[in-house]
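Peer 1: Chains as they are written, first to last, in this note's numbering: chain A, 68 to 333; chain B, 68 to 333; chain C, 68 to 333; chain D, 68 to 333.
Hints should not be assumed to be uniformly reliable.
No copy is singled out in the list; a pair is fine if it fits within one copy or between any two copies.
Each computed DMTMM-like pair below joins lysine to aspartate or glutamate, with the alpha-carbon atoms no more than 25 Å apart [said to hold, decoys possible]:
hint, residue 1, residue 2
1, Lys107, Asp162
2, Lys230, Asp189
3, Lys144, Asp197
4, Lys309, Glu255
5, Lys309, Asp189
6, Lys230, Asp323
7, Lys257, Asp323
8, Lys214, Glu224
Since the hints were made in silico from the structure, they are not lab data.
Residues per chain are reported as follows:
Number of protein chains: 4
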Amino acid sequence: MAFTGKRLKGLIAATFTPMTPNSDINLLVIEQYVDYLVQKQHIRNIFVNGTTGEGMSLSICERKRLTEEWVKHARGKMDNVIVHVGCLGLSDSKDLAAHAASCGADAISAVCPSFLKPANLDALVLYLKDVASAAPSLPFYYYHIPKLTGITYQIYELLGKVKENIPSFRGVKFSDVNLMDFSLCVSEYKEFDCLYGVDEQLLGALAFGAHGAVGSTYNYLGNKNGDMLEAFEAGNLQKARKIQCSLQEFLYFVFDMAHFSGSKAN
Amino acid sequence: MAFTGKRLKGLIAATFTPMTPNSDINLLVIEQYVDYLVQKQHIRNIFVNGTTGEGMSLSICERKRLTEEWVKHARGKMDNVIVHVGCLGLSDSKDLAAHAASCGADAISAVCPSFLKPANLDALVLYLKDVASAAPSLPFYYYHIPKLTGITYQIYELLGKVKENIPSFRGVKFSDVNLMDFSLCVSEYKEFDCLYGVDEQLLGALAFGAHGAVGSTYNYLGNKNGDMLEAFEAGNLQKARKIQCSLQEFLYFVFDMAHFSGSKAN
Amino acid sequence: MAFTGKRLKGLIAATFTPMTPNSDINLLVIEQYVDYLVQKQHIRNIFVNGTTGEGMSLSICERKRLTEEWVKHARGKMDNVIVHVGCLGLSDSKDLAAHAASCGADAISAVCPSFLKPANLDALVLYLKDVASAAPSLPFYYYHIPKLTGITYQIYELLGKVKENIPSFRGVKFSDVNLMDFSLCVSEYKEFDCLYGVDEQLLGALAFGAHGAVGSTYNYLGNKNGDMLEAFEAGNLQKARKIQCSLQEFLYFVFDMAHFSGSKAN
Amino acid sequence: MAFTGKRLKGLIAATFTPMTPNSDINLLVIEQYVDYLVQKQHIRNIFVNGTTGEGMSLSICERKRLTEEWVKHARGKMDNVIVHVGCLGLSDSKDLAAHAASCGADAISAVCPSFLKPANLDALVLYLKDVASAAPSLPFYYYHIPKLTGITYQIYELLGKVKENIPSFRGVKFSDVNLMDFSLCVSEYKEFDCLYGVDEQLLGALAFGAHGAVGSTYNYLGNKNGDMLEAFEAGNLQKARKIQCSLQEFLYFVFDMAHFSGSKAN
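Next comes chain A alone, as it looks inside the complex (with noise of 0.2 Å):
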C-alpha cells in the first residue's frame, strides 16, 4: 500500500495496542482488530503506536513487532498504514522509521521529542528532517500535540520552514484547539494533508477545510463520525451538528471516566 501520492483524507482510526492482563502486548488479536475497523467501523486507515497505542510507553522491540503485525494484517484490508515513529530521542526514531519502512507502511508520522525540548522552531525541523531521511520514500506527518508535548510552536510557521527542507514532508497531525494556526495551514498549504486530531470538535475543524481526522473514538465511533463527514461534505451542516452533539455527549460522559481508561474500554 505504498503511497502512491494520493491525499491522506476522511477518517483515521489511532489504535489502541492491545495488551495482556500482566501488560505485554497482544498481538494475537490484531487482525480481529483490522477486521472490526474495516468491516463493523469502514475505517480505511489508521494511525499506530501513537498516544492511543501507548507508542512512546512501549519499548523499541515491542513497536516494531506491533508495525509489523499491523501492516501484514491490514494489507489488501486498508488503505493506509501509518506509524508513528517518534521516540525522545533521534537515533530511536530514526530506527523505527527505517523499520517502518522496511516493513511496508504507507507513511509514518513523529511527535516532538519533550523531556528535553528542541531549543527552537529550527532546531525542532532540523529534527523532523532528520527523522524523515531515514525514511526518504515514505510521506512523513508531524504530530503535534502540545498538550502532552508543550511544544507550542505554529504549525503555520512550521510548514513554511519544512517546505524546502524535507522533501517527503506530506501534512500534520494536529492535536490542538488554535483553529486559527490549523485554518492558515489549511489555506496556506494546500499541498499539504491537515488531519485534525480533537475527535469531539473536529465539526469546527471541517468548518475550515480539514482533509481528514486522525483519533481515538474512531475505534469505536467510525460510522458514526463517518455520517458527519458524510452529511458536511453533502453541505448539510444541521445533520452533521447534530451527529457531532449526540457524540460529545457520550464523549462528555467518556472523559469525566477518568478519559483514558474510558476509551480502552470500548
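Position chains B, C and D against the provided structure of chain A, taking the given hints into account.
Peer 2: Below, chains B, C and D alone, put in the same frame as chain A:
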C-alpha cells in the same frame, strides 16, 4: 433600548476606550465612534468596558462615565449596549451593575474575579448571582476568558447550575478555544445566548451553532465579518471560509505586531 | 511614624481584613487587632490591604477607610504600617498611594496589574514609577507574587532598572520560591530591603540574607517565627530549623484545609 | 563499590554524556572524565544518564554502554555510581535497572514517565515499585523534576507511601524549588537521603538539612561547592553564602547563554 426578551444575535463590537495622549478617557469622541460603528461597520450591538475597553484597568468613576456616554449616544441608533461590570471585588461589580441599569444599559456582563479566585464552581455561581441581583431587570451574561482569568470551569456545567439560581441569566461571552464545551452549551441550553469571543476562529463556533460573536476586531472588520455571517447563514461555507481565512491573515499580521497595541491602531 | 531611612527588618504581619458576617469590613476590631499583634505576637510592623487582607477584592473606599484605621491605631504602638496600594489600574493605585501618604502611612507597596499585564519589564518599571510618584515621601516596595499575577520577571533585573528611575524605591516583598533570584537581589543591591513572602520556607531565604519577612502566618505565629529569627541570628541553625519544621507541619495541616479559609480561622 | 547501607552524602556530579561531533556517544573519554572529577573537582559520586547526561534522549543500548563505562572506570576511584534508569515506559526502565545491577552500579534512580503520566500518586508508587524490583539489591532513588515532567505530587506524601512498598527505596533527587516539601521530607523521613537538585539555590536546601546535592554544575564547580558545604558544616553561614552568591553570578551568566549549551561548554 431595554432588552425585550429578544435574543442577542450577530456581531457585537467590544469597544476600545478612547483615551487622550496622557491616558485620560476621552468621552468627546464616543458619539463619533458610535456613528462610525453603525454607519461604516453596520454594527448595532456593543460590549463596553470589557477587556478591549480596558475596563478592568479603569477606575469605577471612569467606567460609570463611559457607560453613560455609550448609552446616551447609542440610544436610537443601536439595538443593545452591554456593559461589562466585572471587577476583582463583589461590591464594585454590584455598584457598576446597579449603575448600568440606572442609566439604561440593555444588558450587563461580568468576568470572574481573578486575583483571589472563587474556591469552586458553586462559589463562582454565588458571586454571579450577587452581581446579577444588583440589576435584576437587566439580562446577565457571564464573561468566560480563561486565558486572562485562569478560571477554567466548564461553562456547560456552569449553565446547569445558574438555570435555577440566576433569573436574569441570559448567556455567555465564550472567549475560549474549547469548542466541545461551547457546543454542549449551545445544544443543551437552547434558552441561553452563546456568543463566541475568539474572533480569529469564529467560523468554528458558527459550525457549532454560535448565536453571535463579541470581539474587538468587529470595530474595524465589522463589514467583512458581517459578510462571513451572511455567507454562512446562506449555507455557503466555501465563501464564509474564504472570508475568515483572509481575516486570519490580517490578524496574524496584527498579532505579530503585539496584538493589543496593533488593534487600537485601527 | 515617618520612615526615617531606617531599614525594614524582622517580621511584618500581612494583616487579615476583619469582616462582619455579611462581608462588610469591620473597622471596630482593628484597635484590638493591633494590640493583639503587639502584645501577644510581638509584631511591630504590618502590611495592610495585601493579598491576606483581600485588598484587591475591596473597593477603593473600603481600602482607604481600612488604611486610616490601621494607621490611627498603630500610631505609637508599632514601627511601620505598610499599605498595599496596588490595583489593576494606574489611577486607582495612584489615588491609594496619595491617600496613604496623606494619613501617615510609613510605606507603600504595589503588586503588578495582572488582568491586562505590562508588555515588558520596562513597562512594569514605568508603572511602578508612576505609582510611587503619587507618594514621593513614602518608601516604595514592589510586591512580587507570580503565583497570583503570572508576572515572572526576574526581580534582580527589575532592581537594576529601578535604581535610577524611582527615588523612593526601598525594596521588594518577594513572594516566590526562586531563591537564586532572591539571593542575587540581596547580594547585588545592598541598599534595598529584601523581605521574603513565602512563610513556610522562610529559613531558606534567611540563609540567603533576607532582611525580613512579610506574611499572613505572622498574625498568629509571630512569637514562634520570632524565636526562629532569634535562633538563626544567634547562629543556632539547628534550633531555627527545628522551629521552622514544626511550623511547616502546622501549615501543611492548614494548607490541606484550603489554605485561605484555614488561615482566617485563626 | 556496592552500597553498604552507608548514606549518600555530599556532592554528586550529574555527568554530561560526552559526544562526538556527529552526536554519537563518546566512550573513549570517560576514563579521563572520571579522573578529572576525582582529581580536579574532588567529586567521589556521580549520577549518570540523567537530564544532564541526556539519558532520556539516548537509546537503551547507548545508555547500557555508558553505564558499563562509567562503572568500569569509576571502580576503585569513586564511592558511588548512581545510574538513572527512568524511561517513558516500564519495560525499558526495568531492563536498564536490571542491567545496572548486573554491571555493578551502586544505586539506581528513575524519573516519572511524563508523556503518558500516572493517573495518581498511587499509580506512580506502583510504577516505582516495579522499576526498583528489577534491581532489588540496589538502593533506589526517585528523581523528582516537575519542571520537565509536569508531575507535581508532594514528595512528602510519596515517601509516606513508599516506606512499606519499596524495600530498596533510599531517597529522592529533589530538583524543585518547593523547600517546604523538601524540608518535611528531611524532618519526617530521617531514614531517607534527601539530595537537592537545584544547584543555584543549594544553600537554601542545606538550611533545611539536605544530605547531599546532585547537579550538573558540580562537574566544573565541584571544588567551589565543596568549599561551600565545608563552610556550612562548620557553621560559617556567612562564608557559605558568599560562595553561593559568587556561584549564582556565574550561573546567571551561564543561564543567560541558554543554560544547556552553556553548561556543556565547560
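Peer 1: Indicate, hint by hint, whether the structure satisfies it.
Peer 2: Taking the hints in turn, this is what the structure says about them:
Taking the closest pair of Cα atoms, lysine 107 and aspartate 162 never come within 25 Å of each other, the shortest separation being 34 Å inside a single copy and 39 Å across copies. Taking the closest pair of Cα atoms, lysine 230 and aspartate 189 come within 25 Å of each other only inside a single copy of the chain (13 Å); across copies the shortest separation is 38 Å, beyond that limit. Taking the closest pair of Cα atoms, lysine 144 and aspartate 197 never come within 25 Å of each other, the shortest separation being 31 Å inside a single copy and 40 Å across copies. For the identical chains of this complex, lysine 309 and glutamate 255 are inter-copy neighbours only, at 11 Å across copies versus 30 Å inside a copy, given an alpha-carbon limit of 25 Å.
With identical chains, the CA atoms of lysine 309 and aspartate 189 are never at most 25 Å apart, being 42 Å at best within one copy and 30 Å at best between copies. Only between protomers do lysine 230 and aspartate 323 lie at most 25 Å apart by alpha-carbon distance; the minimum there is 22 Å, versus 41 Å within a single protomer. In this homomeric assembly, lysine 257 and aspartate 323 come within 25 Å of each other (Cα to Cα) only across copies, at 23 Å, whereas the closest approach inside a single copy is 37 Å. In the homo-oligomer, the alpha carbons of lysine 214 and glutamate 224 lie at most 25 Å apart both inside one protomer (19 Å) and across protomers (22 Å), since each shortest distance falls under that limit.
Of the hints listed earlier, those the structure fails to meet are numbers 1, 3 and 5, in rising order.
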